[in-house]
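S.K.: This is what each chain is made of:
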Amino acid sequence: KNEVEQSPQNLTAQEGEFITINCSYSVGISALHWLQQHPGGGIVSLFMLSSGKKKHGRLIATINIQEKHSSLHITASHPRDSAVYICAVRGGGADGLTFGKGTHLIIQP
Amino acid sequence: DTGVSQNPRHKITKRGQNVTFRCDPISEHNRLYWYRQTLGQGPEFLTYFQNEAQLEKSRLLSDRFSAERPKGSFSTLEIQRTEQGDSAMYLCASSSGGKEKLFFGSGTQLSVL
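These protein sequences, in sequence, are chains A and B. Start counting the first sequence at 1; every next residue gets the next number (our numbering). Start counting the second sequence at 1; every next residue gets the next number (our numbering).
This is chain A alone, in the form it adopts within the complex:
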């Protein structure tokens, strides 16, 4: 079973700061997802990665398969980025995703 660890668990930053959220996993994977969850439960898929780097607007996701590590970066952070960011992986013999506990991000104006 894959173990997924995220850090930090909580992060408060000022508007405009560069944000990094980290995710480590224990077993080889076929894909890694970064998800955003707002209060009330709605989950939005931000990225799905199997290698390299992806960018969408102010969001950048990278993955290092050898080190079993991924990072989510937010440039020029804004209060509307405040949410829980969840890392989830597929692999380790299971097709269902294994999720991290999430990183609770607050961006203060």
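The set of hints was computed from the structure by calculation and includes no laboratory data. None of the values given here were measured: they were computed from a predicted structure. Just so it is clear, CB atoms sit at the ideal spot from N, CA and C, and this is done for glycine as well. Incorrect hints may appear among the rest.
Sample of chain B residues facing chain A (criterion: CB under 8 Å; computed from the structure) [to be verified]:
1. Gln41
2. Pro43
3. Glu44
4. Glu56
5. Ser58
6. Leu91
7. Lys101
8. Leu102
9. Phe103
10. Ser106
Chain A is already provided as a structure; the job is to place chain B on it using the hints.
M.R.: Same frame as chain A, but now just chain B:
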């Protein structure tokens, strides 16, 4: 296309009652997943379907839980003889394949009194 739809949004029930939730995935998606999330935790995988076939079930899915996807379109998740520990947000997601992006519904929040 309105995305993944879940009903009801909220369900309050008494311990011992049966409850059923419904998920309508994005129409062309052949994969449908059920997850459960408790407060402060990440979601946990319950089960998934490819078309009408239930291909994988988590050990979390006790014999009180049953899921169906009879025509490969919508899915139902039934919990029999509910317990207080079943209180959680039940999330449904769909995708067009195992390596494709997931789309989540808004979830059904279950409270067992």
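S.K.: Hints first: check each against the structure and report whether it holds.
M.R.: Results for each hint:
{"no.": "1", "hint": "Gln41", "verdict": "holds, 6 Å"}
{"no.": "2", "hint": "Pro43", "verdict": "holds, 5 Å"}
{"no.": "3", "hint": "Glu44", "verdict": "holds, 7 Å"}
{"no.": "4", "hint": "Glu56", "verdict": "holds, 6 Å"}
{"no.": "5", "hint": "Ser58", "verdict": "holds, 7 Å"}
{"no.": "6", "hint": "Leu91", "verdict": "holds, 7 Å"}
{"no.": "7", "hint": "Lys101", "verdict": "holds, 5 Å"}
{"no.": "8", "hint": "Leu102", "verdict": "holds, 5 Å"}
{"no.": "9", "hint": "Phe103", "verdict": "holds, 7 Å"}
{"no.": "10", "hint": "Ser106", "verdict": "holds, 5 Å"}
The structure shown violates none of the earlier numbered hints.
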